[in-house]
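Trainee: Sequence:
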Amino acid sequence: MFLLKTLRSSAAAFFLILLTTLGVYLFADEKSVTESRSLAQTYQKQGNYRDAWQIYQKLAVQPGNIDSGVVHDLQNGIQCLQHLNRINEMDEFRDAVFNAHQNQPLVLWKLAESYIHGQNYGYIIDGKFFRGHQRGGGRYIYTQEQDRLTALKLMHQAIEQLKNSNDSDLASNIFFNAAEYYMSGRQGQNAWKLQILTDLNASPDFESVGSEPGSFFRGGPSGGPEGAPVDDAGNPVYYRVPASFETAKNDGERWRWMLDQSMKQKPARKAEVILQIADFNRDQFGVQTLRDFMPYFYRQRSTEDPQGEEQVNPYSLESLKETETLTRLATGIQRINLPDDLNYIRLYQQVVELGKSSSGENALNQLTGIFENRRQYPQAAKYLQQSIQEYGDPHQNKQQHLNQIVGNWGQFDPNQSQVAGQGAEVEYRFRNGTRVEFEAYQIHVEKLLTDVKNYLKSHPQKLDWNQTNISNLGYRLVHEQQKKYLGALVSRWGLDLKPLSGHRDQHVTVTTPLQNAGAYLLVAKMQDGNTSRIVVWLDDTAIIHKRMSDKTYYYVADARSGKPVAGANLEFFGYRHTNVGRNQQQTQTINFAEKTDENGQAFPAESQLEKNYQWITIARTA
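Take any residue in the sequence shown, note its place counting from 1, add 900, and you have its number in my numbering.
Keep in mind that the hints were calculated from the coordinates and are not lab data.
From a predicted model like this one, the values you see are computed outputs, not experimental measurements.
Here a beta-carbon is modelled for each residue, glycine too, at the ideal position from N, C-alpha and C.
Just so you know, not all the hints are guaranteed correct.
[Claimed, not checked] When the alpha-carbon atoms are kept at most 35 Å apart in a straight line, the in silico DSBU-like pairs for lysine-lysine are as follows:
| # | residue 1 | residue 2 |
| --- | --- | --- |
| 1 | Lys1347 | Lys1357 |
| 2 | Lys1347 | Lys1383 |
| 3 | Lys1256 | Lys1166 |
| 4 | Lys1446 | Lys1353 |
| 5 | Lys1347 | Lys1451 |
| 6 | Lys1093 | Lys1053 |
| 7 | Lys1357 | Lys1383 |
| 8 | Lys1451 | Lys1398 |
| 9 | Lys1353 | Lys1384 |
| 10 | Lys958 | Lys1053 |
| 11 | Lys1357 | Lys1425 |
| 12 | Lys1053 | Lys1221 |
| 13 | Lys1298 | Lys1383 |
| 14 | Lys1511 | Lys1362 |
| 15 | Lys1511 | Lys1384 |
| 16 | Lys1053 | Lys1166 |
| 17 | Lys1353 | Lys1495 |
| 18 | Lys1028 | Lys958 |
| 19 | Lys1298 | Lys1221 |
| 20 | Lys1425 | Lys1384 |
| 21 | Lys1383 | Lys1353 |
| 22 | Lys1451 | Lys1353 |
| 23 | Lys1053 | Lys1028 |
| 24 | Lys1362 | Lys1383 |
| 25 | Lys1063 | Lys1093 |
| 26 | Lys1362 | Lys1451 |
| 27 | Lys1362 | Lys1347 |
| 28 | Lys1495 | Lys1384 |
[What the hints assert, rightly or not] Okay, the calculated beta carbon distance ranges per label pair:
| # | residue 1 | residue 2 | range |
| --- | --- | --- | --- |
| 29 | Gln1316 | Ile1233 | 51 to 57 Å |
| 30 | Glu1126 | Asn1237 | 19 to 25 Å |
| 31 | Ala1133 | Gln1514 | 58 to 64 Å |
| 32 | Glu1060 | Pro1104 | 15 to 21 Å |
| 33 | Val1408 | Pro1167 | 50 to 56 Å |
| 34 | Gly1462 | Arg1520 | 15 to 21 Å |
| 35 | Gln1361 | Val1410 | 42 to 48 Å |
| 36 | Thr1478 | Asp1105 | 49 to 55 Å |
The whole structure should be built from the sequences, with the hints applied where relevant.
Mentor: In structure tokens:
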């Protein structure tokens, strides 16, 4: 009797719990859409993504839920699935939303957006596609092209539904974003794909996609021919607005048609549309496409006359007219004239002329960079000044940029260690200035080395890279104000400069009076300009080492003559950072010394130079 009563009580309790649980969802169904959405948002904020998802899933397909409400539930439902790691359910959810609201252009647009900006990867398992990462393997595929096709089909259905709407802002947004989706995966080196006419009647085919060289972490493959595409005659491929969408020859023309329709629906969008076209043509035909060849194109010009320079060197950047560009095409580097309607400089200028806007400021920034790349600095300065005047400069970044162009400016080029006793030389790059003053300060290298070793011997639990990186000494002296390593002023001298016209860079080799071995902080103060600093190392001794089968060979020589240095003291300091427990680390060190023989050689045993240590080797001579 007791057992029976207990079982009955348990059954009653279970039934009560079941009714209570169901009651939550029955109650949710009885609530209004607004109340249900509020409940889902509360669950979502609490991290209860499962219950939030179940409500969003129902709300997103309810007939009474329309437009922005559906979009909200769609987007938040997708977010919940992401948090629940149930990405493979997204496509089924999107299909359900599509079937419920396929006559609502806003919903169709946002469905398309979720494909473009969603998880464009998955696995083929037993002939079926599963979106997202899957345990247990399968064939990984990258689905950007398939998802792009799905998005484009949705956008075209949205455009069809616009016939039943008089919302010009919505129409403009849909056309503008359709243009973006046509461009998806077609930027940079992949722009050649715009020559293809996508079959909008096709269905996404996941099964035929080959295994991709990418991965879940790396994303999809990239690549394509080098340079902008050309036609059969070797001329650049341009994309213009077709007479109609149906007459477009390729996706590039479809992209232009969509942008044009967006502007017609909302004329205030003209600057934004022109900026898009300018950006694309700059990416295709700008001189920055020559970046791999910049040392050649940035060589000193042969004459001060730009037009004369064009006769001497047709690849001169400085002689380019605004109607011209020097660009990398698929067939090679060419100097070409751009049509006015596709000339990115003209297009940016049009955006500026349309008046103040975020697009206008962006266009001025682009024009500044374009003329800097062309080494036409007066023009760059003009557009930068215009940007400051029209849009302000709250953080003074533009003014600093302008000062670098029109002001007196100089900077040391990177250098390497040099041999002592020959007068160290440094390369100094400058513009506009006519005089520079130099100062050289000795650096206490021995103190630096001692501090590095003492720091490592203190067994820090977490290594500070700046404390151990000797080559970073210049940064520490300049930016961290570690003046304890800075010694006395050893030399001061000046140099008259002859700047080039047009704010162009000039280089000069500076021969210093520094002769003795050691390290020096060299400071250059441009008259009425900036200050630049660099560390110069002068060596009187060189160390060469080579690993052998059972030991390591060291050779110490005179840096100038290469003759062996006998009796040199070689100090070896090694350190490593190891894990000694859970969340605990320790630095271990080894320190020993050797003497070179009469041939300048030393052979420390392999057991002394442990391979899992980092080593600092210091040679000292009498």
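Trainee: Taking only the CA atoms, is the gap from lysine 1347 to lysine 1357 under or equal to 35 Å?
Mentor: holds, 15 Å
Trainee: Keeping to a limit of 35 Å between CA atoms, is the pair of lysine 1495 and lysine 1384 held or broken?
Mentor: With a Cα-Cα distance of about 31 Å, the restraint between lysine 1495 and lysine 1384 holds, given a limit of 35 Å.
Trainee: Is the hinted pair lysine 1451 and lysine 1398 satisfied, with a Cα-Cα distance of at most 35 Å?
Mentor: violated, 55 Å
Trainee: For the range 19 to 25 Å, tell me whether the beta carbons of glutamate 1126 and asparagine 1237 fit it or not.
Mentor: Holds: the Cβ-Cβ distance is about 22 Å, inside 19 to 25 Å.
Trainee: Is it true that the CA of lysine 1347 sits at most 35 Å from the CA of lysine 1451?
Mentor: holds, 30 Å
Trainee: Honestly, do glutamate 1060 and proline 1104 meet the 15 to 21 Å range at C-beta?
Mentor: holds, 20 Å
Trainee: Below or equal to 35 Å on CA atoms is what counts here, so check lysine 1362 against lysine 1347.
Mentor: holds, 23 Å
Trainee: Take the C-alpha atoms of lysine 1511 and lysine 1362, compute the straight-line distance between them, and say whether it is at most 35 Å.
Mentor: Satisfied, since the Cα-Cα distance of roughly 21 Å is no more than 35 Å.
Trainee: Is lysine 1053 within 35 Å of lysine 1221, Cα to Cα?
Mentor: violated, 43 Å
Trainee: Hinted pair, alpha-carbon criterion (35 Å max): lysine 1256, lysine 1166. Please report holds or violated.
Mentor: holds, 17 Å
Trainee: Has the given pair, lysine 1357 with lysine 1425, been kept, meaning a C-alpha gap of at most 35 Å?
Mentor: Roughly 39 Å separates the two Cα atoms, so the pair is violated.
Trainee: Given the hint that lysine 958 pairs with lysine 1053, does the C-alpha gap stay at or below 35 Å?
Mentor: Within the cut-off at roughly 25 Å; holds.
When held up to the earlier numbered hints, the structure conflicts with 8, 11, 12 and 29 and fits the remainder.
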